[in-house]
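2 protein chains.
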Amino acid sequence: MTIRQATRMQLIQPFHVMALLARARELEAAGRSVIHMEIGEPDFVTPQPLIDAGIKALQDGHTHYTPATGLWALREKIAGFYRTRYGVSIEPERVVVTPGASSALQLVLAALVDSGDTVLLSDPGYPCNRNFVHLLNGKPVAIPVGAANDYQPLPQQVSDSWTAQARALLIASPSNPTGTLLDEQTLREYHAITDQKGGSLIVDEIYHGLTYDGPASTALAVSDDIFVINSFSKYFGMTGWRLGWLVAPREVVADIDKLAQNLFLAAPTPAQYAALRAFDEDVLEILDERRDEFRARRDYLLPALRDIGFDIPVNPSGAFYLYANCSRFTDDSFSFTSRLLEEAGVAITPGIDFGTNRPEHHVRFAYTTSLENLQEGVQRLAQAL
Amino acid sequence: MTIRQATRMQLIQPFHVMALLARARELEAAGRSVIHMEIGEPDFVTPQPLIDAGIKALQDGHTHYTPATGLWALREKIAGFYRTRYGVSIEPERVVVTPGASSALQLVLAALVDSGDTVLLSDPGYPCNRNFVHLLNGKPVAIPVGAANDYQPLPQQVSDSWTAQARALLIASPSNPTGTLLDEQTLREYHAITDQKGGSLIVDEIYHGLTYDGPASTALAVSDDIFVINSFSKYFGMTGWRLGWLVAPREVVADIDKLAQNLFLAAPTPAQYAALRAFDEDVLEILDERRDEFRARRDYLLPALRDIGFDIPVNPSGAFYLYANCSRFTDDSFSFTSRLLEEAGVAITPGIDFGTNRPEHHVRFAYTTSLENLQEGVQRLAQAL
Chain A
1 MTIRQATRMQ LIQPFHVMAL LARARELEAA GRSVIHMEIG EPDFVTPQPL
51 IDAGIKALQD GHTHYTPATG LWALREKIAG FYRTRYGVSI EPERVVVTPG
101 ASSALQLVLA ALVDSGDTVL LSDPGYPCNR NFVHLLNGKP VAIPVGAAND
151 YQPLPQQVSD SWTAQARALL IASPSNPTGT LLDEQTLREY HAITDQKGGS
201 LIVDEIYHGL TYDGPASTAL AVSDDIFVIN SFSKYFGMTG WRLGWLVAPR
251 EVVADIDKLA QNLFLAAPTP AQYAALRAFD EDVLEILDER RDEFRARRDY
301 LLPALRDIGF DIPVNPSGAF YLYANCSRFT DDSFSFTSRL LEEAGVAITP
351 GIDFGTNRPE HHVRFAYTTS LENLQEGVQR LAQAL
Chain B
1 MTIRQATRMQ LIQPFHVMAL LARARELEAA GRSVIHMEIG EPDFVTPQPL
51 IDAGIKALQD GHTHYTPATG LWALREKIAG FYRTRYGVSI EPERVVVTPG
101 ASSALQLVLA ALVDSGDTVL LSDPGYPCNR NFVHLLNGKP VAIPVGAAND
151 YQPLPQQVSD SWTAQARALL IASPSNPTGT LLDEQTLREY HAITDQKGGS
201 LIVDEIYHGL TYDGPASTAL AVSDDIFVIN SFSKYFGMTG WRLGWLVAPR
251 EVVADIDKLA QNLFLAAPTP AQYAALRAFD EDVLEILDER RDEFRARRDY
301 LLPALRDIGF DIPVNPSGAF YLYANCSRFT DDSFSFTSRL LEEAGVAITP
351 GIDFGTNRPE HHVRFAYTTS LENLQEGVQR LAQAL
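Each protein sequence line maps, in turn, to chains A and B.
Just so we're aligned, residue 1 is where the first sequence starts under our numbering, counting upward by one.
Just so we're aligned, residue 1 is where the second sequence starts under our numbering, counting upward by one.
No wet-lab data here; the hints were simulated from the structure.
Since we're looking at a predicted model, the values are computed, not measured.
Backbone N, C-alpha and C define an ideal beta-carbon position, used for all residues, glycine too.
Wrong hints could be hidden among the right ones.
[Claimed, not checked] Listed next, the in silico DSBU-like pairs over lysine-lysine satisfying Cα-Cα at most 30 Å (straight line):
id, chain 1, residue 1, chain 2, residue 2
1, A, LYS56, A, LYS139
2, B, LYS139, B, LYS197
3, B, LYS77, B, LYS197
4, A, LYS77, B, LYS139
5, A, LYS77, A, LYS56
6, B, LYS258, A, LYS258
7, A, LYS258, B, LYS139
8, A, LYS258, A, LYS77
9, A, LYS197, A, LYS139
10, A, LYS56, B, LYS77
11, B, LYS258, A, LYS56
12, B, LYS258, A, LYS139
13, A, LYS139, B, LYS139
14, B, LYS56, B, LYS77
15, B, LYS139, B, LYS56
16, A, LYS197, A, LYS258
17, B, LYS77, B, LYS139
[To be verified] Not everything, but these chain B residues come out facing chain A in the computed CB check (under 10 Å):
id, residue
18, PHE15
19, PRO49
20, ILE51
21, GLY54
22, GLN59
23, PRO99
24, ALA221
25, ASP225
26, ALA266
27, LEU276
28, PHE279
29, ASP280
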């Protein structure tokens, strides 16, 4: 018997890079060297003080559930971080600690999106975003974005894409895969539109902290009714711990709590205790050293890729990605990434994972490996091309 | 401006026991003693060898993502556990490690349920189950179950409730809130129906291991096309670590993997490394000692509650719950639980959290506290009633 699956299963694509990664592992197992420039997580291990705090939590027997919205002390610390880093005052009640930013995004969309509703998204953009909309039987609406506007939607595009079925605009700053930021003025313009239309603005700020030409603006400075998603994964280097957060408008927190109780019960407890240390001065120093290392990698990789023929028309100033036009080399970026892996031993992500806006002409480079590896990777690419 | 929420938000209820728990914490903060018989997690801390393994994982720097389906070594160990404990052979490929059983349930239902589809559920039953169906814009169909059939659906009820929109029957053994088990013959009968109807059978086995009158039957012995959900939370005592698993039919594993990549990325890494120790002999010995402690509590609490007037018509032989008819005392179990908290300092869960099948006449007792506390609780109840 064949199992009848839900319609959404045809709409949700696997990450194509996973097949590439599997092939890379095969090559490595066979003795080949592969430079990994496809991986979307920091290569650094979690900072030692956070590891130590996690160990202490386990030693102290913190192995039971926390409340669904997280440890109160952690919600307070996150609120405090907005005060000290951004000068924005957030009530801790509005902070919901989640099992990764993925779950924060799911909570927000589940609270807003009915079957048939639409959510406006940048294309290229983070692939999971549209799939969360499919989960809820909503319809993702892709707004094609390009270099001319720093790969972020023009306010006019948002207005034009908004229909009676639209519920929300979901954007990211810094964005994945393009690494570009939104300034506060643009966030205000987006918010004016969603507000006027009776919809919601959702801002993914999970790469905040990893910005190289000045700090990012938080949407929380713009309005209290914006949903902001953040994470301990990227800047704080806690990917595998699965911990993120959401700042929600006050009026929906009780409903978000209700959803979290049902969907997740709570975020991992040892991770929450470890994260209590995340905002301490000594940890922030480690994180900023790492940020500087990422900056040095970007400052190397960006001109180096341009030199060998990749067209990167903007200067990405956040996250750890470069989104490059590869049309000089190919009209099929997927085959191109396969070829580079096989022939050059360099793994990068094909554009197809990020949407339908000319993916065949784009690839994403992640600088989540050492400067030395990046140099070796560029050398291999130069030879292969 | 008021935020327009999705329709499902009106359909999803918060756990009413949470308000009771919050009130209990207030009373305790004010110096009152409260006996907690409402809490759905073991009072034991995670077994020390598992804590030690978690600490070791952190010391070794295992802080990055794992594959979406979990560490291969853990999938192998889980498969091996089915072989040694149940004599059932499962390919490790069919095991998907998840961030808690909650996420396993979400994956299965997301793979099966379209908007408007129905899922058949026991009433009373675990409240999150129907809310996962609401998440997907499906419709939970409650099958009223009673003591006459050990609080499990009659096969005839399943057939009668099955319509063209039905996609799955979701049942639990041992069940929450009633603590009753399903034998292999009944599982076979359920499976014959879902198979004949072209739907799926989903079996929640998260309380396996916590059975007091003999082992539970796993649905995996019945057929390869049944979805089985399990967890490291209850028997293994790892609630706060957020780790569970799913055994899926071979043909859907790739699709489940794709969903997991998008919805969760992966289960927490330190928890997965800790769980590699879960099936070792020394850990299983600790777990079975704890199981014996739970049995001793049940053997005390069951007759003691009957003695003071609660009607518990079946002998629950699993999980750590007793589902009691309280109609001798009240026609409003919710007010009744409030009164018992205020007057007797005993916290129990009102029937309303488990469905619409005479909840006003039922309460759930959890024996997740020491025998001494249970004795004190019963004494207080006897006085108050």
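Index of numbered hints that the structure contradicts, given in increasing order: The structure breaks hints 1, 3, 4, 11, 15, 17, 19, 24, 27, 28 and 29; every other hint is satisfied.
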